[in-house]
Amino acid sequence: MLAQYGERIAIGIDARNGFVSTEGWLETSKVKAEELGRELAKEGAEVFIFTDIQMDGMLSGPNVESTVRLAEATGKQVIASGGVSAVADLQKLSAQKQSGVSGAIVGKALYTKQFTLAEAFEGLDRI
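Read left to right, the sequence shown gives residues 761 to 887 (my numbering).
I should point out that these hints are in silico values taken from the structure, not numbers from a laboratory.
Possibly wrong hints are sitting among the right ones.
[Claimed, not checked] Pairs of lysine-lysine, PhoX-like flavour, derived with a Cα cap of 25 Å:
| hint | residue 1 | residue 2 |
| --- | --- | --- |
| 1 | Lys-792 | Lys-852 |
| 2 | Lys-790 | Lys-836 |
| 3 | Lys-792 | Lys-836 |
[Claimed, not checked] Label-pair distances were calculated between CB atoms; the ranges are:
| hint | residue 1 | residue 2 | range |
| --- | --- | --- | --- |
| 4 | Glu-882 | Lys-802 | 37 to 45 Å |
| 5 | Gln-764 | Asp-885 | 33 to 41 Å |
| 6 | Ala-763 | Glu-879 | 38 to 46 Å |
| 7 | Gln-851 | Met-818 | 15 to 23 Å |
| 8 | Lys-873 | Glu-799 | 37 to 45 Å |
| 9 | Ala-763 | Glu-882 | 36 to 44 Å |
| 10 | Gly-784 | Gln-851 | 29 to 37 Å |
| 11 | Leu-786 | Ser-859 | 25 to 33 Å |
| 12 | Ala-763 | Gln-851 | 34 to 42 Å |
| 13 | Glu-783 | Glu-882 | 36 to 44 Å |
| 14 | Ala-855 | Arg-776 | 20 to 28 Å |
| 15 | Ser-859 | Gly-772 | 13 to 21 Å |
| 16 | Glu-767 | Lys-857 | 12 to 20 Å |
All values derive from a computational prediction rather than experimental measurement.
Where a beta carbon is used, it is the ideal one built from N, C-alpha and C, also for glycine.
When you get a sec, could you build the whole thing from the sequences and use the hints?
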């Protein structure tokens, strides 16, 4: 299926301390996020959404390093999810475009009015 539809499916990888989390984040496997990403990329995955579950909803900044590691390990696009609290976080992620970081999912920061969508776009236009 990934070989046929890989470009149209984003694969979510959720991790705690670098290891894949499952069962609604209740279980932590012994598989590193990068290992799973490499396997799925071999099967045709083109885009990943990476969530560091310790950062999700915490407004403490995304785990840029782990997001970059997954992008470099797979050679594919990775969208960061979790932790974005400021336009500066988006700028840090955008600065990693060469590594394969291609975007960010922003939730709580927008609905708690940490910044507006217009401010995000304006901040990204400056880099």
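- Query: Checked against the structure, which of the hints given earlier come out wrong?
  - Reply: none
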